[in-house]
Amino acid sequence: MTLLGWLQILVFCGIIILLVKPLGAYMTRVFNGDSTWLQPVLRPLERGLYRVAGTREDEEQNWVTYAVALLLFNLAGFIILYFLQRFQAMLPLNPAGMAEVGPELAFNTAASFVTNTNWQNYAGEATMSYLTQMLGLAVQNFVSAATGIAVAMAVIRGFARKSVNTLGNFWVDLVRSTFYVLLPICVVGTLVLVWQGVPQNLDAYTSAVTLEGAQQSIAQGPVASQMMIKYLGTNGGGFFNVNAAHPFENPTALTNLISMVSIFAIGAALTNVFGRMVGNQKQGWAIFITMGILFVVGVVVCYWAEAAGNPLVHALGIDGGNMEGKEVRFGIPLSALFAVITTAASCGAVNAMHDSFMALGGMIPLINMMLGEIIIGGVGAGFYGIVLFVVVAIFVAGLMVGRTPEYLGKKIEAKEVKMAMLAILCLPLAMLGFTAISVVLPFGVSSIWNPGPRGFTEVLYAYTSAAANNGSAFAGISANTPWYNITLGIGMLMGRFLVIIPALALAGSLVAKKTVPASAGTLPTHGALFIGLLLGVILVVGGLTFIPALALGPIAEHLAMLAGQTF
Amino acid sequence: MSQLKSASLFDTRILVPAIGGAFRKLNPKSLIKNPVISVVAVVSAFTTVLFVKDLVTGSGNLGFSFQINLWLWFTVLFANFAEAVAEGRGKAQADSLRRARTETQAKLLPPEGRGSFRMVPGTSLKVGDTVMVEAGDIIPSDGEVIEGIASVNEAAITGESAPVIRESGGDRSAVTGGTQVLSDWIRVRITAAPGSTFLDRMISLVEGAERQKTPNEIALNILLAGMTLIFVLAVATIPGFVAYAGGNVPMVVLVALFVTLIPTTIGALLSAIGIAGMDRLVRFNVLAMSGRAVEAAGDVDTLLLDKTGTITLGNRQATAFRPVAGVTEADLADAAQLASLADETPEGRSIVVLAKDKYGIRGRDMQSLNASFVPFTAQSRMSGVDVGGSSIRKGAVDAVLKHVGEGAANSADTIREIRSISDEIAKSGATPLAVARDGKLLGIVQLKDIVKGGIRERFAELRRMGIRTVMITGDNPMTAAAIAAEAGVDDFLAQATPENKLSLIREEQAKGKLVAMCGDGTNDAPALAQADVGVAMNTGTVAAREAGNMVDLDSDPTKLIEIVEIGKQLLMTRGALTTFSIANDIAKYFAIIPAMFLAFYPQLSALNVMGLATPESAILSAIIFNALIIVALIPLSLRGVKYRAVGAGALLSRNLLVYGLGGIIVPFAGIKVIDMAITAIGLA
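Protein chains in written order, with my numbering: chain S, 1 to 567; chain X, 1 to 684.
It is worth saying that the hints were derived from the structure and are not from the lab.
Here a beta-carbon is modelled for each residue, glycine too, at the ideal position from N, C-alpha and C.
Mixed in with the good hints there might be a few duds.
Quick look at which bits of chain S chain X covers, simulated, 3 or more residues with Cβ under 8 Å [as the list claims (entries may be wrong)]:
1. 230 to 238
2. 269 to 279
3. 334 to 346
4. 392 to 400
5. 439 to 445
6. 510 to 516
Below, a list of computed lysine to any residue pairs in the SDA-like style, where the Cα atoms sit at most 25 Å apart [unchecked claim]:
7. 415(S) - 165(S)
8. 514(S) - 232(X)
9. 514(S) - 510(X)
10. 213(X) - 413(S)
11. 514(S) - 33(X)
12. 513(X) - 318(S)
13. 514(S) - 542(X)
14. 511(X) - 278(S)
15. 107(X) - 654(X)
16. 511(X) - 515(S)
17. 282(S) - 649(X)
18. 282(S) - 232(X)
19. 415(S) - 515(S)
20. 33(X) - 331(X)
A few chain S residues facing chain X, derived, Cβ under 8 Å [as the list claims (entries may be wrong)]:
21. 98
22. 418
23. 435
24. 456
25. 544
26. 545
27. 559
Bound conformation, chain S alone (with noise of 0.2 Å):
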């Protein structure tokens, strides 16, 4: 570990903590539907296309019809981009001529892509059409990020109204988030990585000969506009099978540290938006700092485990850290930084092969996506993630203090534990099932291409990356397989939409509710018992039923490497 390694993580963090208030401030305008400085160019937008779609801005959704009109458009969404890839063939816009995609890798995908997991069992440049890329995958990053950021939002009102039974308009907060936040500051980030390299263009594969002579097609195409929206949205999907790695997609220290700040910037914000919005922003830091502790508690491990290397490695006489499979431009620290970031956001983008990790080192990212993706999480998600773990902690907490529990003035009954044990509970039905029956089967072992923990741990993260939405690969196992691709779109639609339907119910239930003011009585939200009783229920309800998994897999792999056994 060096100290340049620990000062560009400080300077990362220092920049998403003093970007959490202006954007905070800015996107609460957005969704209040106060005025912003964009207004004058986008609302003659947003009135029109409220009118060509026949929606009536005021007209306010309670949780049911909000969460039916989110369902129906991201059903619309899947099946769309299913039929785009099965019929790319014969559609425009692709100069390289790519084949239709088979079924089951176009259900994956689908899948992947309307959830905001962005997990690929394919080769971007080598599968997908630009129309596919752009009209496709382009446009589900941006409104699958928005359907978070809208859930999120119902949810946030869900605490900061009373009495009533709506919780906002669905379409409104989609159109707002992809208007007012998600396209501007894309806008502005593409034009910042066209100028640092990143190519944008519809041209067909450059064919080059190499110093060796050798013939080689180089990949292009319109790269830097999904490169900002895939860390923006925390989507992840790479233009390039190599993801952030590529030299294409991230060619510079600049652009490293533009996708690393992008991919937590909404999701730290949003927390603050929630403050603002139940009237008071300590409500908001507490949970970023709930976030925060468990964030950087993971930098240092994962840094450590690679700095740390490979004690074997060094018995050979080779020192220093772990540098397998991370780029030399990166670094150790980075390349920890970056893969701690991308699983504690869903982003999912990868500038480092996970896989080549220490045990330990890749853990980390293992246990950020097994928690349910809520440190900071993916643009929404991880707000309303972190929620579902603040009822079960203020029920808990509440009880102890001698009242019914109640958070922000709203009591926490029996509907609001049913709706945040049953999100809680999905994610490890989708995770330890499916890599339960998949280590049992032949057709799911016989993809796993390392042997003993190793191998469990490749099968193991591609599920908690399914389920929880992330779409970054632990590489190792040959996932474009039937099995594969349907299991792990099952698991990504089960992580995504059985965990936003009981947010939404509990929002419904939570809106209808008087606020308690608060006495003496009332367990203090804002504070450091707070902070510390909500990491010790995120530890321990969503962290101890993946024991025996970790166990089996980095754990046992840990301790065989200190007993000189690798796999």
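The hints should help you fit chain X onto chain S, whose structure is shown.
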């Protein structure tokens, strides 16, 4: 207090039957009410079948799996035992109540209520029947006195042997079945159907027969069921993982892991905690009509308290004599005492006492003085005596001024002085009482509300708990403000009427607050019904008792404070044991995971931080700890976690430290000790 004393925690009369009860509760019908424990019972039954199969085929490690089976069943039995003990304590109370519900004969009057009665069994009485109850009779059922006055011994329900007066009209008209009339007679209109009398309800409440799960208990059960499902996933996926690693784990070990991980501790004790909470309330001589009301008590934000009897001693007392110029204090005291000799009101008696204490003026006998008493009337608003040719009057200042008139006896200065003294007294929150002899004003007696000792501290305590107190009084705002300041309440409602009481409650509730109040009169009924926690005094009217959701048998309004504490304690105990139960899992993982996987991943022995002897002893120790901790925590769940009147933050950090951190550490030590013990005696 009463015969409803709690039995000691280790009373064999309760513990021995409870052992039988633990087995009886293995009945699936009663098990199903407890989701976590019924899951344990199901998996125990499953492993027992497997064990029998192994026994027949002679395969497997029989001794080990026998012991695991044994402890799995103990877990279920211990949980049943905890519930049986709690119920047993209630039953002991119910039995003593049942003795009061002896079969009585009632003297049923004809429908019009007049004429001769005929004897019918008490159980045949219907609502609306009228019965005659005479000295020595047991009142056959709950009812309202419609005629007559009697002294009644209510020891059967309150445990208080001093008789109380019950009379028609007014606020003391309710009588309870099972109590005994000591003197005189009353006609009673029956207000309760057979089997639903107060005593019946009380019996079923303390026995827990009518126990409904409270909202909060339901929510907690959902959480526990959710945790159980999560661990189903955690454990059910292990065989697949293990098969991939090339090993296998016996079913009995998986079941052991599962049972230790799911929240059995709180699951086992949950209903005992609920029953014990109700029981604590009954021991305080408060009867809650539902568990919901007890929980609501813990949540109360605003407490409405009647001034008289709750904040101040029942009655005003004379505290000073304030003569006008030209009259000595002793003279005034003498006249005031004479005027009060025959005045049986507490105020009157306090004047006699003050004159005696301050000036040594002894009470005199009215008859030997040949004095005649002039009683208080609503018209004159004065009382007094005529003695030895002179007449002494005392009463409200305005009334006395009107009586003496402005004339030769009293100069304008005197009248002005009287007025200024009376204003000054009124401003200080006391009541002025003017005294005049033969038309001449002597001065004023100051009557003061005496704030109960220690009440200020109680209110400060409530404030720390986050509860706002509001004093309700019929006094004028000035007096009310002075007393409110002295007693240290947060707010007051002066010149209270049933209407503005009700609207105050509605206002508070509109702000999202929970309101508790107590009351006794019929005119309190609407407010009692509106309040979230309405405590009716047992001395009160039937209407008040029906409207409230709790009845205080001692009719002591200050008890609201204890009721709130009991409600909080109930919730805290649940929360604390839930936290403890979940925190325990960490140590159990460290015991079982290395033991379970050791055969094929020997490197995992590094996780055996407790240094447990063998895989078998580790698993056995974890499951034994898991079962024994239930028994160890029965006393705590019955007693409840101690509530301290400190802020929520301080309370939480304390409980988190004790039950959260304690819950992490204790099992490490406990499992290690059990492991050493069973290794020493060669069980594993």
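Evaluation of the provided hints:
no. : hint            : result
1   : 230 to 238      : violated (count 0)
2   : 269 to 279      : violated (count 0)
3   : 334 to 346      : violated (count 0)
4   : 392 to 400      : holds (count 7)
5   : 439 to 445      : holds (count 3)
6   : 510 to 516      : holds (count 3)
7   : 415(S) - 165(S) : holds (15 Å)
8   : 514(S) - 232(X) : violated (36 Å)
9   : 514(S) - 510(X) : holds (8 Å)
10  : 213(X) - 413(S) : holds (13 Å)
11  : 514(S) - 33(X)  : violated (32 Å)
12  : 513(X) - 318(S) : violated (69 Å)
13  : 514(S) - 542(X) : violated (33 Å)
14  : 511(X) - 278(S) : holds (17 Å)
15  : 107(X) - 654(X) : violated (60 Å)
16  : 511(X) - 515(S) : holds (8 Å)
17  : 282(S) - 649(X) : holds (16 Å)
18  : 282(S) - 232(X) : violated (37 Å)
19  : 415(S) - 515(S) : holds (17 Å)
20  : 33(X) - 331(X)  : violated (76 Å)
21  : 98              : violated (36 Å)
22  : 418             : holds (5 Å)
23  : 435             : holds (7 Å)
24  : 456             : holds (6 Å)
25  : 544             : holds (5 Å)
26  : 545             : holds (4 Å)
27  : 559             : holds (4 Å)
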